[in-house]
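If you want the building blocks of each chain, they are given just below.
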Amino acid sequence: AAGTDASIEDRLAALEARVAAAEARAQKAEATVEQLTASQQTTTSKTRSLGDSSAPSAPSVGPAGDAPSMEQRVAKLEGNADKKLGLTLNGYARAGLLFDDELTGTEGGPYITPAGSVGGAVGRLGNEDDNYAEIVLEHRAEYENGSTSLYKIMLADGVESSNDWTGGDSSLNVRQIFAEFGSLPDFGGPLENASIWAGKRFDRDNFDIHWLDSDVVFLAGTGAGLYDIQVADDWTSNVSIYGRDYGYIGDEGFGDEVESYIFTLNNRIGNWQWMLNGLSAKNNDDRELDPGMLPPDPRADLAEHGAHTMVAYHGESFFGLRDGTYKAAVLYGQGLGAEVKSLGSDGNLTEDAESVRLAVYGTTYLTPSWRFAPSLLAEHSKDRYVSGDSYKWLTLNARVANELSENFEMQYEVSWQTMDLDPQGYNSFNSVDGDYTKFTIAPTFKPQVGGFWVRPEIRLFATYADWDSDLNNYASGNNDVKSLGTNGYTGGEWSFGTQMEMWF
Amino acid sequence: AAGTDASIEDRLAALEARVAAAEARAQKAEATVEQLTASQQTTTSKTRSLGDSSAPSAPSVGPAGDAPSMEQRVAKLEGNADKKLGLTLNGYARAGLLFDDELTGTEGGPYITPAGSVGGAVGRLGNEDDNYAEIVLEHRAEYENGSTSLYKIMLADGVESSNDWTGGDSSLNVRQIFAEFGSLPDFGGPLENASIWAGKRFDRDNFDIHWLDSDVVFLAGTGAGLYDIQVADDWTSNVSIYGRDYGYIGDEGFGDEVESYIFTLNNRIGNWQWMLNGLSAKNNDDRELDPGMLPPDPRADLAEHGAHTMVAYHGESFFGLRDGTYKAAVLYGQGLGAEVKSLGSDGNLTEDAESVRLAVYGTTYLTPSWRFAPSLLAEHSKDRYVSGDSYKWLTLNARVANELSENFEMQYEVSWQTMDLDPQGYNSFNSVDGDYTKFTIAPTFKPQVGGFWVRPEIRLFATYADWDSDLNNYASGNNDVKSLGTNGYTGGEWSFGTQMEMWF
Amino acid sequence: AAGTDASIEDRLAALEARVAAAEARAQKAEATVEQLTASQQTTTSKTRSLGDSSAPSAPSVGPAGDAPSMEQRVAKLEGNADKKLGLTLNGYARAGLLFDDELTGTEGGPYITPAGSVGGAVGRLGNEDDNYAEIVLEHRAEYENGSTSLYKIMLADGVESSNDWTGGDSSLNVRQIFAEFGSLPDFGGPLENASIWAGKRFDRDNFDIHWLDSDVVFLAGTGAGLYDIQVADDWTSNVSIYGRDYGYIGDEGFGDEVESYIFTLNNRIGNWQWMLNGLSAKNNDDRELDPGMLPPDPRADLAEHGAHTMVAYHGESFFGLRDGTYKAAVLYGQGLGAEVKSLGSDGNLTEDAESVRLAVYGTTYLTPSWRFAPSLLAEHSKDRYVSGDSYKWLTLNARVANELSENFEMQYEVSWQTMDLDPQGYNSFNSVDGDYTKFTIAPTFKPQVGGFWVRPEIRLFATYADWDSDLNNYASGNNDVKSLGTNGYTGGEWSFGTQMEMWF
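Residue numbers (the working numbering), protein chains in the order written: chain A, 5 to 508; chain B, 5 to 508; chain C, 5 to 508.
Derived by calculation from the structure, the hints in this document are not laboratory data.
Remember, it's a predicted structure, so these values are computed and weren't measured experimentally.
The beta carbon of each residue, even a glycine, is placed where N, CA and C say it ideally should be.
Treat each hint with caution, since some may be false.
Listed next, the in silico BS3-like pairs over lysine-lysine satisfying Cα-Cα at most 25 Å (straight line) [said to hold, decoys possible]:
hint, chain 1, residue 1, chain 2, residue 2
1, C, K286, A, K486
2, B, K286, C, K486
3, C, K396, C, K286
4, B, K486, A, K286
5, A, K286, A, K386
6, A, K396, A, K486
Computed list of chain A residues with no C-beta within reach of chain C, every gap over 12 Å [unchecked claim]:
hint, residue
7, A311
8, D356
9, F412
10, G429
11, P460
Covered stretches of chain B (chain A as the covering partner; in silico rule of three or more C-beta atoms under 8 Å from a C-beta of chain A) [as the list claims (entries may be wrong)]:
hint, stretch
12, 107 to 117
13, 267 to 278
14, 443 to 453
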């Protein structure tokens with residue numbers, strides 16, 4: 005027993021030591037955990053507006069001196085939670101790899117064809133090589149008098165490099181920065197539901213054909229305006245001025261600036277949108293172009309004015325045939341307005357330039373698991389950069405997706421573009437006439453499938469593109485421009501890659 | 005006994021097993037703690053603290069085992085919402101258009117006059133052409149021992165272009181990035197309320213005359229310091245060192261750097277602020293200036309040392325006359341301290357340079373709807389960049405606002421500046437002597453009017469500016485500098501435009 | 005015996021109580037650790053999830069048409085608070101001053117020695133002169149089907165300037181931008197716990213030796229992959245492809261790009277990590293190097309392929325000797341894989357290049373207040389950039405800290421590096437052979453001391469560094485490279501300064 009006791013004694017002593025050690029370790033772990041917890045604690049993002057007593061939107065919950073009721077207190081918490089007030093961050097991003105069948109970098113991009121130089125997009129699936137991101141910060145507030153304010157700032161960056169450090173290539177910049185006020189008590193009558201804005205922005209009523217990476221109309225710049233003036237029962241109008249820069253007469257940065265102004269009247273009448281724009285860029289004809297862009301004499305004067313109009317229909321079915329959506333638009337522009345999509349962004353247009361463009365797309369579910377989104381984009385532009393030039397092109401594109409499970413779908417995109425371009429020497433481009441075809445298959449993962457605009461997506465893809473060899477001649481005289489025919493990208497090309505696309 | 009021993013044996017074995025298990029668990033917890041510490045330790049966004057029951061500042065909701073009452077649960081949610089800890093985002097922005105009566109870009113800016121080249125601001129309303137934004141991210145934490153930490157990072161960008169994509173013009177950069185700790189248990193006696201900081205920052209006690217877009221004193225750079233040392237009952241002091249860069253001797257980026265250091269003692273004694281600064285920039289005289297800046301020989305040596313002091317009064321009324329505020333400051337600097345506003349930012353000063361500056365402004369409501377904010381800024385600087393040079397200027401400015409409704413006010417700004425500048429050939433500038441006058445009227449929308457610093461605002465404006473023609477000669481010898489007289493901006497000028505201004 | 009038994013009984017009872025208590029504490033610590041672990045990866049910005057009605061995870065609080073009860077409403081608020089979803093912001097930053105005993109800027113940096121040009125880091129404490137920041141934005145969502153998504157974007161900037169405005173020096177860029185999906189219902193079998201990602205990122209399983217500012221392995225770029233494929237019970241694997249850019253053949257930006265691809269298989273088998281990489285960069289040998297980098301003829305061909313492997317052990321004690329951690333890794337690479345740390349980042353390696361590297365570090369508490377973290381990094385590289393070249397170096401480093409109070413610790417770092425470099429004229433570098441020694445003492449303030457990875461810190465420091473004078477010759481033929489010997493930084497150098505370091 006003594007032996008047993010002794011052994012027990014030993015084991016007890018050992019146990020006591022181990023327990024003491026375990027306690028010490030537990031104590032230390034607890035302390036660290038506590039410390040971790042302490043420092044992890046309290047971060048708020050948004051919530052700033054939840055907690056900031058100086059936030060103009062914090063409604064008082066009762067008469068001074070009265071304790072708010074539980075109902076009031078919960079309502080306030082819920083109100084805070086439900087409001088779109090405070091800070092929000094949103095974003096868009098795409099990033100991926102694009103390589104050819106020899107596992108080396110290849111060309112690509114929705115504007116890779118000769119027609120792309122004048123806006124002829126050919127479809128983006130399996131055809132993008134850049135990493136592009138937008139970070140959007142919004143701050144919303146609501147005031148005691150009922151007014152609301154929105155402040156938005158957008159950072160954007162696009163690079164082609166796959167490297168992680170792109171300090172030398174970075175184009176990170178502020179693309180939007182504006183304020184907008186709504187529900188102003190002063191605004192009555194036709195302005196009752198109107199809002200007023202100023203700063204740099206993308207116009208609220210721009211819209212795009214996502215699959216082509218092309219806006220139908222893209223109005224952006226620095227300016228001010230009024231949205232949603234009630235003209236009649238089913239008619240609202242926006243009036244705005246947007247400024248843009250075309251460069252300098254004389255020394256870069258210190259000479260006279262040439263600025264362009266766009267006056268816009270944008271009407272919504274039921275499902276119709278009718279946009280009218282006037283453009284003015286004084287002294288634009290005195291601006292000197294990069295000599296490399298100059299065509300042989302004689303050339304026309306650069307435009308200093310322009311006009312532009314768009315009529316669009318925003319359909320609530322698939323062309324009246326079935327459930328879905330469609331949009332159709334006709335655009336016409338003259339002078340500075342002849343860049344009919346990116347309003348006011350092209351200062352090299354002649355005073356006689358004229359363009360007409362047609363844009364149509366629709367979306368529908370053919371079956372519960374097959375989505376179909378066809379689109380058409382076509383333009384004829386003449387006297388655009390040189391008297392007598394002519395740019396005709398037409399793109400047909402269809403994005404088809406087959407939802408195979410909750411997380412997976414096969415996506416297909418087929419594009420066909422025909423073009424007849426006669427640039428008359430502008431930018432050292434040659435006349436070309438021919439067709440381009442692209443087909444892409446993209447196995448696609450999604451957290452949850454379920455629609456045309458559901459993101460994020462992670463894609464693998466294989467793309468085959470071919471075109472008439474005449475198209476390779478377009479930019480052969482200009483080493484500074486990528487187009488078909490450059491770097492051995494001459495036809496019958498396979499591309500492969502992977503890409504993520506995200507917005508939230 | 006055998007039974008007892010057996011039982012003891014059993015209990016020992018069971019204990020040993022439990023201790024082993026506890027040890028294993030402790031080890032695992034320790035490992036995880038270590039891993040957590042390694043990868044991220046002290047962080048969380050506050051958001052998290054709303055849900056984190058272990059947050060140290062969250063009041064416990066009841067004795068263990070008791071279900072918290074509704075009262076307790078709501079109190080906890082409210083408490084979480086009120087916290088100032090965690091992440092916050094703040095911002096400042098202005099963006100707009102500035103054009104002349106021919107609807108073309110025009111000159112402008114608060115420092116457009118010849119005196120502006122040495123800090124003579126003339127008033128910003130209806131006179132700004134840039135899009136400028138600051139995005140400020142703050143992370144605050146509180147620790148179990150009562151310590152607090154603040155981490156701040158500020159991104160800023162300023163461009164003149166009105167275009168939406170400014171990848172080529174962007175100046176997006178990190179202007180502040182620092183950490184500051186407070187309430188350290190180790191700090192006692194005069195340091196009891198002190199905080200310690202290091203990194204890159206704007207000094208906390210800088211202040212400005214907003215209407216002139218001019219700080220009264222602006223100390224910024226990379227360094228470290230202590231704030232709020234209690235020297236006496238009504239006396240606190242800050243001591244800091246700030247470093248700045250002046251460029252290189254020899255090859256840009258690879259030669260010897262010339263760095264400047266500012267030692268600052270900043271005292272608050274009641275309403276008085278007394279700042280003392282010493283500056284040192286070894287080898288600054290060996291630095292080579294851009295030849296274009298060099299005046300004719302003989303010229304003085306570049307300063308390698310400097311001294312600076314400011315005495316300011318922060319008034320709690322409108323000059324003792326009525327409700328409101330006022331601030332007044334006298335600044336004197338010598339050598340590197342002769343740039344009296346932006347401390348240490350000018351490495352081209354001579355060793356004999358001397359400047360004295362006076363800054364005064366006030367704010368008051370003249371009636372319930374009329375606000376009035378006059379200011380004065382004046383300086384005499386000599387031997388500044390060249391022996392024998394002299395810069396004398398004085399600005400009077402008044403911002404007046406008439407609050408006409410909850411959402412609308414008329415703002416007026418009148419500025420008058422007189423100057424007598426003799427640069428002795430520095431930067432190819434010519435001697436000028438004359439006056440400048442500017443008047444602006446700006447119909448202004450606000451979600452809620454109500455004070456001098458209430459933002460956001462959306463303004464339209466019309467500005468008339470005129471000046472003595474002699475002032476047009478100042479920069480006529482230097483094509484790289486914008487001033488009066490460049491690009492046909494020669495006097496009697498109307499400007500128009502729109503602008504938003506925001507901070508939150 | 006009864007007495008003995010009684011005593012034993014008492015001690016057993018006491019032990020049992022203590023073990024029970026220890027178990028309870030361990031349980032609590034485990035629970036908190038679990039919670040911390042969970043929340044660590046998924047911070048929520050409430051704001052967004054609170055207010056965003058389209059958030060996929062927002063549970064409905066009751067049947068449609070029923071008004072939710074107070075209980076339900078509070079539960080929902082609490083539920084929102086508990087979510088790990090939404091937006092989080094995290095960051096890393098360091099900023100400070102570094103000057104010499106004459107109060108002027110001095111050289112520094114963890115890669116300042118000749119060996120630094122091939123990865124030989126020497127320890128960072130009191131040796132850094134840059135302001136570097138990372139801002140990381142994460143958006144997490146959870147879907148009804150259980151899938152999760154993570155979107156991450158990282159902005160980073162590093163500048164040497166101490167000035168507040170660094171618009172001209174800024175290198176702000178997007179270093180990461182990717183999407184990752186987990187818990188996909190489609191994934192079963194070995195993929196059950198796997199996640200899929202695409203975009204630009206730092207590989208998840210990179211790890212570093214913090215005190216050296218050197219990763220052990222750093223894989224980053226644009227690509228896609230799968231994480232956590234279950235190969236066997238204790239064996240998971242990641243497979244990925246990463247792309248990187250090496251530059252152009254011909255005109256910058258418009259010639260043929262040379263791209264590099266890294267195929268990686270990264271295995272975790274218990275505490276072991278085994279990484280296998282294949283690299284390919286077609287046409288890399290046709291790329292033209294900056295002539296300044298070219299060594300005399302004859303030189304080897306640039307590599308177009310490479311292989312790389314790493315075997316690492318992640319220890320859960322201090323080398324089995326005491327509580328703590330350690331990590332050890334051996335890396336071998338050939339051809340493009342001969343840059344063994346930053347995989348695929350060096351396109352100038354020859355086809356015969358070979359490197360072998362050893363990395364070891366550990367952390368332990370020597371006493372409750374003394375921390376000790378020794379490390380070793382060594383490499384032999386040959387035929388690296390030129391046939392017959394050889395780079396041998398070995399670094400020993402130890403970071404020691406003495407926690408003196410809740411807020412203060414003394415930190416010490418000693419580094420010794422020996423090198424024998426024979427670059428054979430590459431980059432105009434000369435052969436050198438010698439040793440470098442650095443010692444730093446850094447009084448350090450922290451809100452709360454307590455571990456190797458606890459930040460933020462504010463440090464003052466004094467550093468003494470000395471080296472064999474032969475090392476000064478390394479870069480004496482190349483004015484564009486900073487190394488020992490440039491700008492009078494020739495040995496026996498004192499540096500002083502201040503720095504903050506932060507992560508959260």
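Hints and how they fare:
1. K286(C) with K486(A): Judged against 25 Å, a Cα distance of about 21 Å means the pair holds.
2. K286(B) with K486(C): Roughly 21 Å between the alpha carbons, so the hint for K286(B) and K486(C) holds.
3. K396(C) with K286(C): Distance of about 29 Å is beyond 25 Å: violated.
4. K486(B) with K286(A): It holds: about 21 Å lies between the C-alpha atoms, which stays within 25 Å.
5. K286(A) with K386(A): holds (22 Å)
6. K396(A) with K486(A): Distance ~20 Å between K396(A) and K486(A) Cα, so the pair holds.
7. A311: holds (36 Å)
8. D356: holds (32 Å)
9. F412: violated (6 Å)
10. G429: holds (20 Å)
11. P460: violated (5 Å)
12. 107 to 117: Holds, because 3 residues of the stretch 107 to 117 of chain B bring their Cβ atoms closer than 8 Å to Cβ atoms of chain A.
13. 267 to 278: violated (count 0)
14. 443 to 453: holds (count 4)
Figure legend: structure checked against the earlier numbered hints; hints not met, in rising order: 3, 9, 11 and 13.
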